[in-house]
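Take the given structure of chain A and dock chain B to it, following the hints.
The chain contents come next:
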Amino acid sequence: MINLSTNDFYARATGQLAKLRESAEKLQGQIATGERIERSSDDPVGAAQLRSLDRQKRLAGVDQRNADLVASDLQLADDALGEMANLVIRARELAVSAANGTASEQDRLIIAVELESLRESLLTVANSRDTAGHALFGGTTTGMAFEKVGNVVSYSGTQTSSEVEISPDVNVSRGIVGQNIVQFSHAGSATDLFAVIENLVAQIRADPAAAAAGARDATEAFGAALEKVTVAQTDVGAKLGLIGVVGEQRQSTLNSIAERENQVGGVDLATAVSNLQSLMTVLEASQASFVRLSSLTLFNRLR
Amino acid sequence: MASDLLSIAYSGTRAARSSLEVTAQNIANADTDGYVRRSANIREVAASPGFPYQDRLTLAGSRVAGVERNIDPLLAAEARRSSSEFEGAKTLLSGLKAIEGAIEAADPFGAIVGFEESLQALQADPVNTALRIAVIGKAETVANAFRHVSGELGAQSVAAAERISYAVDEVNQFAGSLAKLNEKIARAGLESSGRAHLLDQRDLLLSQLNERADIAVSFESNGTVKVQIGDDRSSALVSGTRVGTFTWAADASGVATFQVNGANTNLRSGAIDGLRQTQLEIGDAFVRLDQQADNLRQLVNASQSAGSDLSGAPGSPLFGGSTAGTMSVVITGADKLATAPAGASPMSRDTSNLDNLRASLSQKGIAQASNQHLFDVSTKVVKQDVTVQAVGAVSNAARAALQLQAGVDLEQEAANLVRFQQAFEASARAMQTATEIFDTLLGIG
Chain A
1 MINLSTNDFY ARATGQLAKL RESAEKLQGQ IATGERIERS SDDPVGAAQL RSLDRQKRLA
61 GVDQRNADLV ASDLQLADDA LGEMANLVIR ARELAVSAAN GTASEQDRLI IAVELESLRE
121 SLLTVANSRD TAGHALFGGT TTGMAFEKVG NVVSYSGTQT SSEVEISPDV NVSRGIVGQN
181 IVQFSHAGSA TDLFAVIENL VAQIRADPAA AAAGARDATE AFGAALEKVT VAQTDVGAKL
241 GLIGVVGEQR QSTLNSIAER ENQVGGVDLA TAVSNLQSLM TVLEASQASF VRLSSLTLFN
301 RLR
Chain B
1 MASDLLSIAY SGTRAARSSL EVTAQNIANA DTDGYVRRSA NIREVAASPG FPYQDRLTLA
61 GSRVAGVERN IDPLLAAEAR RSSSEFEGAK TLLSGLKAIE GAIEAADPFG AIVGFEESLQ
121 ALQADPVNTA LRIAVIGKAE TVANAFRHVS GELGAQSVAA AERISYAVDE VNQFAGSLAK
181 LNEKIARAGL ESSGRAHLLD QRDLLLSQLN ERADIAVSFE SNGTVKVQIG DDRSSALVSG
241 TRVGTFTWAA DASGVATFQV NGANTNLRSG AIDGLRQTQL EIGDAFVRLD QQADNLRQLV
301 NASQSAGSDL SGAPGSPLFG GSTAGTMSVV ITGADKLATA PAGASPMSRD TSNLDNLRAS
361 LSQKGIAQAS NQHLFDVSTK VVKQDVTVQA VGAVSNAARA ALQLQAGVDL EQEAANLVRF
421 QQAFEASARA MQTATEIFDT LLGIG
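Which chain is which? The protein sequence lines are A and B, in order. In terms of the working numbering, the first sequence is residues 1 to 303. In terms of the working numbering, the second sequence is residues 1 to 445.
Quick caveat, the hints were computed from the structure, so don't treat them as lab data. Just so you know, even glycine gets a beta-carbon here, dropped at the ideal spot from N, CA and C. Check the hints yourself; a few may be wrong.
Said to hold, decoys possible - Each computed BS3-like pair below joins lysine-lysine, with the alpha-carbon atoms no more than 25 angstroms apart:
(1) A:Lys19 x B:Lys336
(2) B:Lys90 x B:Lys336
(3) B:Lys90 x A:Lys26
(4) B:Lys97 x B:Lys364
(5) B:Lys364 x A:Lys57
(6) B:Lys336 x B:Lys383
(7) A:Lys26 x B:Lys364
(8) A:Lys19 x B:Lys383
(9) B:Lys90 x A:Lys19
(10) B:Lys364 x B:Lys336
(11) A:Lys26 x B:Lys97
(12) B:Lys184 x B:Lys226
To be verified - Below, a sample of chain B positions facing chain A; criterion: calculated Cβ distance under 10 angstroms:
(13) Leu96
(14) Lys97
(15) Gly110
(16) Glu116
(17) Glu117
(18) Val168
(19) Asn172
(20) Asp231
(21) Gly343
(22) Ser345
(23) Ser378
(24) Lys380
(25) Val394
(26) Glu413
(27) Leu417
As the list claims (entries may be wrong) - Label pairs and their calculated CB-CB ranges:
(28) B:Ser360 x A:Ser256: 25 to 31 angstroms
(29) A:Leu123 x B:Gly137: 39 to 45 angstroms
(30) A:Ser256 x B:Gln298: 33 to 39 angstroms
Chain A with its partners taken away, still in its complex shape (with noise of 0.2 angstroms):
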């Protein structure tokens, strides 16, 4: 004959009740979350792909950070660009006057003296910061990217500038070297701006009546020194550019990033719900028909 153990059936009433009890919370606590993996165990794939992806992300963070400096620097250094252009233009300007042959001697001392406050306005510029503090055309160096000793400025920085990843595959320099943008060759060889500017003052300085040739030359000088300085803020412009297109690539990363995350180990809130609300209503039969059960004894017949 069989014989049900009262006491097995209530054990196992029990476990039965704490196992779908056990499962309603879990349900609960992934709808509370919205995450289907609290711990690695859950789903060791999952959670392993979900560690990489995490790292993914965070890394691609940093580089977000990273391009996001880069691309103030080269907005500052586009900045002094424009104001370099400027000044290069209104250097050109007076050395139009200058060559101007009714210009009088008084005229181009005057010009001489602008001239000069010129440099000093492009020196300025031309030894920017950048958001860092460092010299912003002065590739690594740690100083000045110009000096002025005497009346001679020379290029004082790096030949290179540094390069700073923004994606995984893609590094970008910080900047423009300084000599690159002032130095060029005219008539054949090479000088630079500075020394133009410093040449021309000198020629107006020694004998003002006689410049005329010699400031028509350094028109032609000014209108290089103009090219360079344009070509800079084009390689600049394209710098950014860059900046902007890799960003957008990141972003959809970033995007697919999320999405897969949202694969591995997101819940599905409708099916998640749906689960729950058949879960309770098995428990709470459960719970309903184990009472039933267990009021259904004999002792309650014996009187």
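Positioned in the frame of chain A, the structure of chain B alone reads:
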């Protein structure tokens, strides 16, 4: 003959009363651990009649021949064996979960990624003190994470050893109690009600022993047991009234080995074996963690010595300690981080050494190794969880089968109460009839 009828009816009431008492005992112990349902064994009494009625059919009522325990030793053995496996599997599962928890809570993977992040941020401005300090801070986080996991694993290892030690003590206590019970069982009468109680105690002790370790039990005809533990068959833990000693010792790698009376024995199931396997897993986790910590330390320190720091001097080691538990940050200042290549001028913003470090951290898969470790541990948890569920189902089925036979069913006992009460009343009615007959006989006279 009326007096015979009276005594027959009286024996009936006694038998019914005994059955009622057994039923009441069953009801009272419906929830008692290890209690096996009893039933009174009622036999007919046929006394030899006196002269001159030897050839007559003579009835003398019924008697209680003994109290039976309704248990099948085979089912009991299967229930014990499967619960032993279940206990071992459960213990290992909780050990694995604890290892997983330790790694997950301290999160060395996240710390390493944080370190990588800070290095990448430093690349944007390698001479920036705030960024350099951030790198040192993240390095501290990495060292802390490794130390924390290591410390936690160490504590788990100690706890496992303590629990083994405690369980081994329990095994010895149970063995001592079993030997005493063996003595009592040998002395108790074969059909006595006290014997049923002793056998319940014996079976309970056996299952408690079996929950801790795998045992081989042989039953003697008088109800005493001989118990051998593990795979050793040369000596016994309990044999009659003799008790052996069960001991354990840690081997060179700290994993428990077991001896019974000095002879080595290997356990294959039970909580103690689960703890031993947990020790193996903890040891494995330690090895891998130490390896990860050492790989990271060597890689970073090699990069430091290959580059030059802010003052232009060769970099000094960043991490100290060759194990996860002793990992620390030993660099003396943020300016000592060697971001620039060897021979660079002071305050150099050349990041090629830093770039090399970042590339090799990524290529050597330092973070990946940590990720993989947690993956492996959590996969083990999942596998063990499946094992526990399978073994648990077997164990539950065996227990249910045993309970079907040996457990108390209150419905049945209620029915028995009614049945035996009726039997009692019927016998009482028979006594009344006997009295009436006797009175009638007296009245005739």
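Structure-based check of each hint:
1. A:Lys19 x B:Lys336: 57 angstroms, violated
2. B:Lys90 x B:Lys336: 50 angstroms, violated
3. B:Lys90 x A:Lys26: 20 angstroms, holds
4. B:Lys97 x B:Lys364: The given pair, whose Cα atoms are some 28 angstroms apart, is violated under the 25 angstroms limit.
5. B:Lys364 x A:Lys57: Since the Cα atoms of Lys364 of chain B and Lys57 of chain A sit roughly 20 angstroms apart, the hinted pair holds (cutoff 25 angstroms).
6. B:Lys336 x B:Lys383: 47 angstroms, violated
7. A:Lys26 x B:Lys364: Since the Cα atoms of Lys26 of chain A and Lys364 of chain B sit roughly 38 angstroms apart, the hinted pair is violated (cutoff 25 angstroms).
8. A:Lys19 x B:Lys383: The given pair, whose Cα atoms are some 19 angstroms apart, holds under the 25 angstroms limit.
9. B:Lys90 x A:Lys19: 16 angstroms, holds
10. B:Lys364 x B:Lys336: Holds, because 24 angstroms separates the two Cα atoms, which is no more than 25 angstroms.
11. A:Lys26 x B:Lys97: 17 angstroms, holds
12. B:Lys184 x B:Lys226: 15 angstroms, holds
13. Leu96: 8 angstroms, holds
14. Lys97: 7 angstroms, holds
15. Gly110: 8 angstroms, holds
16. Glu116: Holds, because the Cβ-Cβ distance from Glu116 of chain B to chain A comes to roughly 7 angstroms (cut-off 10 angstroms).
17. Glu117: 5 angstroms, holds
18. Val168: Check failed: Cβ of Val168 of chain B comes no nearer than 29 angstroms to chain A, outside 10 angstroms.
19. Asn172: This hint is violated: Asn172 of chain B lies away from chain A, its Cβ roughly 30 angstroms from the closest one there, beyond 10 angstroms.
20. Asp231: 32 angstroms, violated
21. Gly343: 15 angstroms, violated
22. Ser345: 8 angstroms, holds
23. Ser378: 4 angstroms, holds
24. Lys380: Nearest chain A Cβ about 8 angstroms off; hint holds.
25. Val394: With a minimum Cβ separation of about 15 angstroms from chain A (threshold 10 angstroms), the hint on Val394 of chain B is violated.
26. Glu413: 8 angstroms, holds
27. Leu417: For Leu417 of chain B, the interface hint holds, since the closest Cβ of chain A sits about 7 angstroms away, which is under 10 angstroms.
28. B:Ser360 x A:Ser256: 25 to 31 angstroms: 28 angstroms, holds
29. A:Leu123 x B:Gly137: 39 to 45 angstroms: This hint holds: roughly 40 angstroms between Cβ atoms.
30. A:Ser256 x B:Gln298: 33 to 39 angstroms: For Ser256 of chain A and Gln298 of chain B the Cβ distance comes to about 35 angstroms; the hint holds.
Comparing the model with each earlier hint shows violations of hints 1, 2, 4, 6, 7, 18, 19, 20, 21 and 25; every other hint is respected.
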